[in-house]
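Start counting the sequence shown at 4; every next residue gets the next number (the working numbering).
Source of the hints: derived by calculation from the structure; they are not laboratory data.
The beta carbon of each residue, even a glycine, is placed where N, CA and C say it ideally should be.
It is possible that part of the hints are untrue.
35 Å max Cα-Cα, derived DSBU-like pairs, lysine-lysine [stated by the list, open to error]:
no., residue 1, residue 2
1, LYS20, LYS7
2, LYS20, LYS47
3, LYS47, LYS33
4, LYS47, LYS63
5, LYS57, LYS7
6, LYS7, LYS47
7, LYS33, LYS63
8, LYS20, LYS33
9, LYS33, LYS57
10, LYS33, LYS7
11, LYS63, LYS7
12, LYS20, LYS57
13, LYS57, LYS47
14, LYS63, LYS20
Label-pair restraints from in silico Cβ distances [as the list claims (entries may be wrong)]:
no., residue 1, residue 2, range
15, GLN140, GLY22, 15 to 25 Å
16, PHE40, LEU66, 27 to 37 Å
17, VAL36, GLU112, 37 to 47 Å
18, GLN111, VAL36, 38 to 48 Å
19, LEU119, SER64, 13 to 23 Å
20, GLY35, ASP130, 16 to 26 Å
21, VAL36, GLU107, 38 to 48 Å
22, THR76, GLN140, 37 to 47 Å
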Amino acid sequence: MPAKDLYHDAVCAALIKDGWTITDDPLMLKIGVRSVFVDLGAEKLIAAERGSEKIAVEIKSFLSPSLINDLETAWGQFFMYARALQRREPERRLYLAVSRNTFETLFQEEAGQLLLEEPGFRMIVFDSNTEEIIRWQP
């Protein structure tokens, strides 16, 4: 089992406050004979006639000395997990969760903007102090 991210509990609390139910912690995805672990799986009842919306959330703290290395890792994980989800659970959408501070610094720079512009990329921005979701992108 992989180690939990520094912000794991804050993101769980923020999702619950936003009306989500945590269904998997972590969400295991099989890729052939290998397994990967997305930090969280969650679902939220939208309306009876629409069923439920399902998401998977990969949490990243961006605390290493090299933010570019963290960005490269997050980018690779996001798209590998998104592809695996597309095959295994196509109804579940993947989001990368980052703190407000990371969003307001790294993701305002050109390097972060490259990922934000990538087709299919989704992000949750959370406040780790209040344990609330600040932004869903898109």
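Tested hints:
no. : hint                          : result
1   : LYS20 with LYS7               : holds (20 Å)
2   : LYS20 with LYS47              : holds (11 Å)
3   : LYS47 with LYS33              : holds (23 Å)
4   : LYS47 with LYS63              : holds (22 Å)
5   : LYS57 with LYS7               : holds (21 Å)
6   : LYS7 with LYS47               : holds (23 Å)
7   : LYS33 with LYS63              : holds (21 Å)
8   : LYS20 with LYS33              : holds (30 Å)
9   : LYS33 with LYS57              : holds (18 Å)
10  : LYS33 with LYS7               : holds (19 Å)
11  : LYS63 with LYS7               : holds (10 Å)
12  : LYS20 with LYS57              : holds (16 Å)
13  : LYS57 with LYS47              : holds (7 Å)
14  : LYS63 with LYS20              : holds (20 Å)
15  : GLN140 with GLY22: 15 to 25 Å : holds (18 Å)
16  : PHE40 with LEU66: 27 to 37 Å  : violated (19 Å)
17  : VAL36 with GLU112: 37 to 47 Å : holds (38 Å)
18  : GLN111 with VAL36: 38 to 48 Å : holds (40 Å)
19  : LEU119 with SER64: 13 to 23 Å : holds (18 Å)
20  : GLY35 with ASP130: 16 to 26 Å : violated (38 Å)
21  : VAL36 with GLU107: 38 to 48 Å : holds (41 Å)
22  : THR76 with GLN140: 37 to 47 Å : violated (19 Å)
In terms of the numbered hints stated before, the structure departs from hints 16, 20, 22, listed from lowest to highest.
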